[in-house]
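Protein chains in written order, with this note's numbering: chain A, 1 to 204; chain B, 1001 to 1208.
Don't take every hint at face value.
Going by beta-carbon spacing under 7 angstroms, a handful of chain B positions derived as facing chain A [to be verified]:
| id | residue |
| --- | --- |
| 1 | A1069 |
| 2 | P1074 |
| 3 | F1081 |
| 4 | M1087 |
| 5 | L1088 |
| 6 | P1089 |
| 7 | R1090 |
| 8 | D1093 |
| 9 | L1096 |
| 10 | N1156 |
These are computed hints drawn from the structure, not numbers from a lab.
Heads up, the beta-carbon is just placed ideally off N, CA and C, and yes, glycines get one too.
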Amino acid sequence: MASLARSVAATALVTVLGTGVFCWGTDGFTAYTAEAARRADLLRAPRPLPAAVLEDQHGRLFSLDDYRGRLLVVEFIYTRCETICRSLGMAFRQIRDRLPAAALGREVALLSISFDPARDDPASLAAYGRSHGADGEHWRLARVRDAAQLRALLDAFGIVVIPDGRGGFEHNAAIHLVGRDGRLAGIDDLDAPVPFADRLAGTL
Amino acid sequence: MNGVRRRRDAAAGALGALYLLLATPPLRAWLEATMSGHMLVQIPLLAAVGFAACRLLPARRQDALLAAAGGAVPYVVLATFASGWWMLPRALDAALASPLVEAAKFASLPALVGLPLALAWRRLGVIGRGFVWTNFISMLAVLGWLYLAAPLRVCNSYLVDQQQSAGWLMVKLAVLLFACWLGSLFVGGGPAPHARASGCEADRSATS
Chain A
1 MASLARSVAA
11 TALVTVLGTG
21 VFCWGTDGFT
31 AYTAEAARRA
41 DLLRAPRPLP
51 AAVLEDQHGR
61 LFSLDDYRGR
71 LLVVEFIYTR
81 CETICRSLGM
91 AFRQIRDRLP
101 AAALGREVAL
111 LSISFDPARD
121 DPASLAAYGR
131 SHGADGEHWR
141 LARVRDAAQL
151 RALLDAFGIV
161 VIPDGRGGFE
171 HNAAIHLVGR
181 DGRLAGIDDL
191 DAPVPFADRL
201 AGTL
Chain B
1001 MNGVRRRRDA
1011 AAGALGALYL
1021 LLATPPLRAW
1031 LEATMSGHML
1041 VQIPLLAAVG
1051 FAACRLLPAR
1061 RQDALLAAAG
1071 GAVPYVVLAT
1081 FASGWWMLPR
1091 ALDAALASPL
1101 VEAAKFASLP
1111 ALVGLPLALA
1121 WRRLGVIGRG
1131 FVWTNFISML
1141 AVLGWLYLAA
1151 PLRVCNSYLV
1161 DQQQSAGWLM
1171 VKLAVLLFAC
1181 WLGSLFVGGG
1191 PAPHARASGC
1201 EADRSATS
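Use the sequences and the hints to build the structure in full.
Here's what the structure looks like:
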């Protein structure tokens, strides 16, 4: 009898502790993947971004800080990408078309950042931009030439890039929103660009 | 007596060597390079080390541990929670990204999965063992199917085709284990679970 009571108590303890750990480790049973976790983290606390020198499709140098005071929508791509980046490009185009034209460039801008600076020179970036309908001003394409800066930027955004062994890359794709204060404020799935654009338009 | 002790020492040495070998950077990098190697080789091996280590404990010590918890059930629940944790895609990513989480993985799989399961196994009857088996097999199958059906990459650290192959392997393994377990029920014919436990134990610990 004593051992039964003990067993029940121990089982209850393990169950409570185990459930507690699972709850803590999955942000209250919402985030089972690292991708979901990084999104939940951001909503709680927007993340500061490291300084990085970017080079756009015309070879102009700039930094994310230049966009302070405006909202900035960011995606990460490489221009030879045949798969997910195409969806990203489409999503970006839909967002751009959905935003009020008057706000574009003034209150909100779009930026595609390449994580393959070795091959994505300004010419490739410009070609990628043309094929996706980017105007090169309100929607710019850029690369980060400095490897350390690029790594820091990818880490801050939570982008993991793995070479796929066939000359391409596999990477997590999403729509990132940098707030007016220059901090990363949100990450959204790329399969729902219209609701994202509508929400964004609502905050302008 | 001396011979038994010597055998036990040798086994403990071999287990310790296997554990250290698994922890060496080259082997870690090799096994963790693929999702299947990580989930279906490294993690089960770590749990198996704990399982085997428990068997090396003096019977007295094992009985004391069981008595402390009032029986086998709390240990089964503990092992279920701990093994479930390391099936979370997020936990796999975290282990690859952070040395601290990696260390926690190396500590918790033997201590919180293998060891409690080995402690509990001898005390479990046919029903208890059936529960552990079917619970484990269904978890494996469902997870494998999820990996196959997931429209997205669940682990940022692994490629989609690795996720696919890991998913397939898990489904196949689940089917194989189920057939194996079912077979053991019929072939074993029904005497005390002890008689046919040894074969299953090896399987169980190698795949838990």
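Going through the hints against the structure:
{"no.": "1", "hint": "A1069", "in the structure": "holds (4 angstroms)"}
{"no.": "2", "hint": "P1074", "in the structure": "holds (4 angstroms)"}
{"no.": "3", "hint": "F1081", "in the structure": "holds (3 angstroms)"}
{"no.": "4", "hint": "M1087", "in the structure": "violated (10 angstroms)"}
{"no.": "5", "hint": "L1088", "in the structure": "holds (6 angstroms)"}
{"no.": "6", "hint": "P1089", "in the structure": "holds (5 angstroms)"}
{"no.": "7", "hint": "R1090", "in the structure": "holds (5 angstroms)"}
{"no.": "8", "hint": "D1093", "in the structure": "holds (4 angstroms)"}
{"no.": "9", "hint": "L1096", "in the structure": "violated (9 angstroms)"}
{"no.": "10", "hint": "N1156", "in the structure": "holds (4 angstroms)"}
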